[in-house]
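Enquirer: Listed below are the residues making up each chain.
4 protein chains.
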Amino acid sequence: MSSSYGENIRLTIFGQSHSPAIGMTLEGVPAGLKVDMAELNAFMKRRAPGRDSISTARKEADEPEFLSGLKDDITCGTPITAIIRNTDTRSKDYSELKVIPRPGHADYTAEVKYNGFQDFAGGGHFSGRLTAPMCIAGGIIKQFLKEKGIEIFARVYSIKDICDEGRFDKPVSDKAFPVVNDKKGEEMVALIESAKADGDSVGGIIECVITGLPAGLGDPMFDGMENRISKIVFGIPAVKGIEFGAGFEATKMFGSENNDPFTYVDGRVMTKTNNSGGILGGITNGMPVMFKAAVKPTPSIYKPQTSVNLQTKEETELIIKGRHDPCVAVRAVPVVEAAAAIAVYDAMLGN
Amino acid sequence: MSSSYGENIRLTIFGQSHSPAIGMTLEGVPAGLKVDMAELNAFMKRRAPGRDSISTARKEADEPEFLSGLKDDITCGTPITAIIRNTDTRSKDYSELKVIPRPGHADYTAEVKYNGFQDFAGGGHFSGRLTAPMCIAGGIIKQFLKEKGIEIFARVYSIKDICDEGRFDKPVSDKAFPVVNDKKGEEMVALIESAKADGDSVGGIIECVITGLPAGLGDPMFDGMENRISKIVFGIPAVKGIEFGAGFEATKMFGSENNDPFTYVDGRVMTKTNNSGGILGGITNGMPVMFKAAVKPTPSIYKPQTSVNLQTKEETELIIKGRHDPCVAVRAVPVVEAAAAIAVYDAMLGN
Amino acid sequence: MSSSYGENIRLTIFGQSHSPAIGMTLEGVPAGLKVDMAELNAFMKRRAPGRDSISTARKEADEPEFLSGLKDDITCGTPITAIIRNTDTRSKDYSELKVIPRPGHADYTAEVKYNGFQDFAGGGHFSGRLTAPMCIAGGIIKQFLKEKGIEIFARVYSIKDICDEGRFDKPVSDKAFPVVNDKKGEEMVALIESAKADGDSVGGIIECVITGLPAGLGDPMFDGMENRISKIVFGIPAVKGIEFGAGFEATKMFGSENNDPFTYVDGRVMTKTNNSGGILGGITNGMPVMFKAAVKPTPSIYKPQTSVNLQTKEETELIIKGRHDPCVAVRAVPVVEAAAAIAVYDAMLGN
Amino acid sequence: MSSSYGENIRLTIFGQSHSPAIGMTLEGVPAGLKVDMAELNAFMKRRAPGRDSISTARKEADEPEFLSGLKDDITCGTPITAIIRNTDTRSKDYSELKVIPRPGHADYTAEVKYNGFQDFAGGGHFSGRLTAPMCIAGGIIKQFLKEKGIEIFARVYSIKDICDEGRFDKPVSDKAFPVVNDKKGEEMVALIESAKADGDSVGGIIECVITGLPAGLGDPMFDGMENRISKIVFGIPAVKGIEFGAGFEATKMFGSENNDPFTYVDGRVMTKTNNSGGILGGITNGMPVMFKAAVKPTPSIYKPQTSVNLQTKEETELIIKGRHDPCVAVRAVPVVEAAAAIAVYDAMLGN
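Chains as they are written, first to last, in the numbering used here: chain V, 1 to 351; chain L, 352 to 702; chain R, 703 to 1053; chain Y, 1054 to 1404.
Derived by calculation from the structure, the hints in this document are not laboratory data.
Chain Y is faced by these chain L residues, among others (derived, beta-carbon under 7 Å): (1) Met352; (2) Phe365; (3) His476.
Derived CB-CB ranges, DEER-like: (4) Ser1247/Y with Asn883/R: 37 to 43 Å; (5) Asn1234/Y with Asn883/R: 39 to 45 Å; (6) Asn1234/Y with Glu959/R: 22 to 28 Å; (7) Gly199/V with Ser545/L: 49 to 55 Å; (8) Glu1200/Y with Pro171/V: 44 to 50 Å; (9) Gly1169/Y with Pro214/V: 49 to 55 Å.
Glycine included, each C-beta is placed from N, C-alpha and C at the ideal position.
Only chain V is shown next, with the shape it has when bound in the complex:
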C-alpha cells in the first residue's frame, strides 16, 4: 500500500492537508519501550510551520494525540496510533487548482489518477503537511535507537549553489539554521529570503549521518540499506535524488580511489575512508551511514506561471495564492532524520 512503509514494523500515514486530522499508525514495535513525550514534541517543533521568516505562515501546534498502543507512555505491543487535528485550514484558497493545476505539483497527476475525486485542498495527501505524521513515528523511533547508541542527524548541505562547510560529525539541530558553518548558513537564509521576496523559491540538498550502527544490517538485493532508505526518503515530497557515500562523485573516481581500505582500530574492523557511505552489498559495515537527498525548489511560487485550464483545454496563466515555504529543504531536515530512523529500525527488527 502506498501510504505504508516497512517490513518488520509498518508505518501507515493517513490524512489530507485539510481533512479533520492527519495521523499515523505504527505496528510491530515491541512492548515495553518508553516514549518521552517532551522530547517528541521538541522534535515535532523542528518541522512545525509558522516558526520564522522562511517558513509558511500556516500555524499548527502539531502536538500528537495518542489514541492507542501506549499505556502510561510505554508501548504495549499493539499498533500505536497518533493523530494531529488540522485547525488552520483555508480550503477556499485552493478551489481553482482543480481546473488549473500548479506546475511542479501533483494537482494534475492526482486529477488523472483519482478521476477528479481527489481532495485537492491544500495538496490533499500530497501535502508536505503529511510529513508531520512521519515525524511522529520517526521521533519515537529516534528515541528507541538512541537507547541502543544509534544517533541520526541531518543538516542543510546546500541551498542552491551555496554549500555548507566543515566536518559534519555531530548534530546541529540546536541551531536556528541547521548547518555546520553558521556564516554559510546566514548566506543561505539570505538567499532564501531574497527568493521569497521575489515570489520565487529555491532547492537544496540535505545530508544525513547515522552513527553507532552495528555491521551486518540490511539485506542483499532489494532490501539493502540503500533500497530501504531510498524507498522512504522518496516519500518526502520534493525529493528528486539520493546518493550514498560518494554517490555520483564515485563515478568520477578510479576503483583504486573509491575503494575504502579496511583497517583495524581498537580491535574493530573499520575503513580508512568512507566512500561507500557505510554500506557494502546493501549491508552496513560498521562505519557511519551517510546519504544526501536532493530537494527541489518549492513548486508553489507566487510568480505568474504558465499552466493549462483542464476545462477549456488551453494554456493559461496561473498565479498561486495560499501559504508556502520558499524552501522546503529547510523544514525537511528533521523529516529526513525521521525517515532514516524508520528505515534503520525496520531493518534492525529483522536482524
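Take the given structure of chain V and dock chains L, R and Y to it, following the hints.
Expert: Okay, now just chains L, R and Y, sitting in the frame of chain V:
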C-alpha cells in the same frame, strides 16, 4: 524478503555465483501473454559476459531454461520460473576472500551477517551475475510493455569524467557501445581499456528513459514511481545514487526555473520542459520518465590494496585474482532497463 | 503485521478496549465511491453492545468519526481512517487479571508475549470490542459490493445443540434474532438467558452466504477464497473453526456424492448441488459462497473457575467481574459479514 | 502473491503437474542450518505417489535437486531453491478437460480465471503434485524445528465414517497407514480399496499435533496461529474445513466446560484440558497445538458424472481417465505436517 521485488507482480531471484544454477520466479503475470524467446535471448546477450575486451573473461551462455509458467511460450497465469545453469565456475580463485575481505565488496559485511556461513565463491548472492535473472524477468516484461506502446532504453551517460553528448530520445542498444555520440563512446572505451591495463577500474552513470507511459501511474508517498524505481535499481550491485529528471541539478535552480510549465499538444496535456523526469507527486504525468543511476567503479581491481586479515586481526595487503569487468557500468545498461521495466509493469498492474 | 489484513486493500485495526479510541485505516479503496453514513451506522448498531437482555451491559454509541479519506462522504483515493472514542470504560474491574489470568482468554498468552507490558484493561487489543472497527471497514465495503450486485448475509446457524431450520437464501438481519426459523430462535434465546442466569455462557455456529459473485475470483494455493476468508474470520475473537460448503460433512461422503454436477441454467454454468460452497481450486465458480464459523462459548463467565496466580505460582480460584456477553456468537453475526465483505472485496480488486 | 506464503520466511511454489519441473524457493532462512538430505528424502517418500494399492499409479522419484541457498548442505542465508523434474507425464489423458470440466475440480474455475490459457494438463498448478514442493520446504523446516525440541506429527483421524481410536501423542509415521489403532486403519484401507474398486473415492479428516512450542507464539488479530495455519492448510488441494482444539464441538459446550482451567505442573503454567488446541487469543499457551483438517473425497472418480460441454453449452456425461488417488487424505498427512511446520517456523522467526 530481500531477494523479492514487487507488489502486483513478485520477482524472486535465487542462486549464487557458483551454485548449480541461478534463476528467477515471476508471479502475478496475467495469462495469455506471448514471450518471444529469440528476442529474450538477444536481450540476455547484451548483459552476458565474455563478449569483448572490456568485460570479464568468464563465459556463460546465459540462455534461460523455463521450468514453469509458460505453455507453448505463452503465460498460463501461474508462477514463471526460469533458470540458468552455472558452468564456467572456478571457486578456488576465491578461497582467500573469506579471511581477507576485498575493499568495496560485500565479503566483510556478508561474513558478519551470515556468521561465516555465506557462500563466498564468486561473490555468492552479491555477485553481478545475479543480474542475469533480473534480465530474464525484465526482458520478458519489456516485451509485454512494448505491446502497450511503452519503450525503455538506457545508455552510458558518462564514464568517469567523459560524458556522452546529444539528445537521447531513442534506443542505442544496437550499437557496440551504447551512447548517442560514438566519438565520446570511443573515448570511454579507451579510458576503460587504459584503466584495465593499469589493473584498475572506472565508474559511470547510466541514463534511462521510459516513453509511452500513461499519466496516472504510481501512488502517493511510499509507492511513487521514484520509490518503486529506486528500490529495484539499488538492487543492482554497485549502484550508489539515483536521480529523477533534473535531480541534484534541480537543487541549483529557482522554482521558477525548475517548474515545468503545462501546455496542450495535440489536445494532450504535456509540459514544456521535463525537469520532473515525468513524475509529479510520485505519479507519472505522461512525459517520458527519466532517471540516472550512479555506478561506482568495479571494486575488484588487480592493484595491491590494503585490507585486513580477519583471523590474525591485522592489516594486510590484498591482491585480487579472478575475472572481473573493469567497468560494470557498461554491462549494467540492460540491467537498468530490466529493472525499470519491472518497476513500471508492477505499477501498471496495480492501476 | 498482525493487525492488518489484505493484499489489494489493507485494513489496519488499532486501539485497545480501554484506550482513548479504537479505529481503523483502510487503504487501497478507489476514489469516487459514496459512503451512506446512515446505512453504515445502522450496520454498526447490529454489533453494538447494550441493546438487549443477552448482550453486555457496556454501552457504546459506536458511531465512527471519519478523519481522512473521504470528501463529502465520497472516497478520495487516500487512506480512510475512522475512529470511535471509548467512553464507558471501567478499568478497575480488570486489575486482578494481570496476576490471575482468565481461563479461555488471552490474559496469560499476552502476559508471556508482551512481558507484562500489555494493556490488560478490558482485554486490551484482544477484546471483542476491536470488532467494531472491522465493522466500519466491512460496513463500507458491503455498500460497495451491493453496488456490484453482491450481497453478504449471515445467520445464527446454531446455539449449542439447537440448530436453525429452513432455507437460508436471503438476509435475516432485520429480525431481532437473526435466524430463519423464529421458533428455533426463541429456543436459542431462552437457552442463552438460562446460561446467563447460571453465570455461564454458550457457543454457536454462524453461517454466512455471499451471493452475486462472479466466477473466477480467488487465486490458486495460498490466496484461494478459503485461505483469504479463513485468515480474516479467525481474526474474530472466539472463532475456533471454519468450513466451506459441506466442509467436515464432505469427509463422510463418497466422491460421487460430494462432487457438484455442472449444468447450464439460462446459458450460465451452474452446479446442481453446492457442496463446494461455491469454491473450486480456491476460485469462485459463480455459485453462492457459503461457510460456517464455530464460535466458542464466551470465556468470561461468572461461575468460579480454577486458574493460577502468576505471582505466587499456585492454583487459585477466580471469580470474574466486568460486563460480558453470555454468547458472543450472536453479536458476531454482523462481524462475520464484515469479515467476508473485506475478504471478497480484497480479492475482487486484484482480479 | 497466491503461490507464496509467509511473513518472516517466504515460500514460493512454482510448476505445473506436467511442466518441465516443479519446485520451491524458500527465503529468509538464517544461515548455518544443516539439512539432512537422507531425512528429507525419507520425508518426501511419505508423500510420493505410486507406493501402494491406494495411491495413484503415477511414479515419480520426487527427490529434490537443490539449485541454491545451500553450501555443503548448510544454509548460507540466501534463497533456497529446489526443483523436481516431472518425468512420468501423460498429457494426452487430459486434453478433453478443457472442454468438459471435471466436477469438484478447478478445471472450470481456471478456465474462467485464465481465459483459456491455463495449463490444464494434469491439473496444472492446481494439482496435488504441487504439494511435493511444499514438502521440500516443510521437510527442511521440520528438521530445524526438531533441533529446537518441536515435533509435528499428523495422523488419519477418520476416513468417511470410520474414526481412529486411542490417544494421539506421538508420531505414527513409521506405520504403513498412519493411525493410532491399526485395526481401525485396516478398516479404513479396506473402505478405500472398496471405493476404488467401485470407481469412487472417499474423504477423511487429518489431525495434526505440534508439541514443544513455547508459549507466546503468534500475534493478535490476523496473524494468530489459527489464521497462519489455516491460510497455508487451505493451500492443500481438497481441504474444505479446519478446526483448532475442540473446534466445532466447542460450540456445543457451556463456557464452564470449554474453558481450560490453568494449573502449575513442575513450575510451569499448563491447562488441565486442551479444548483451546493450545491457542488463546491467537497465541500459543505452551500446550500442544492441535488442529484437524477436513479433506474432501478425491474429485477425480471413474464413475460417469454429469458435466457440461463449454463449447456446445449443454450438459454432457463425463468419464474421467488418468491416474488418481481414491483418497487424497492419506497422502496429504505429511503435507499437513509440512504446512504446519512452515506456519510455525514463520511465526517463530518473527518472535
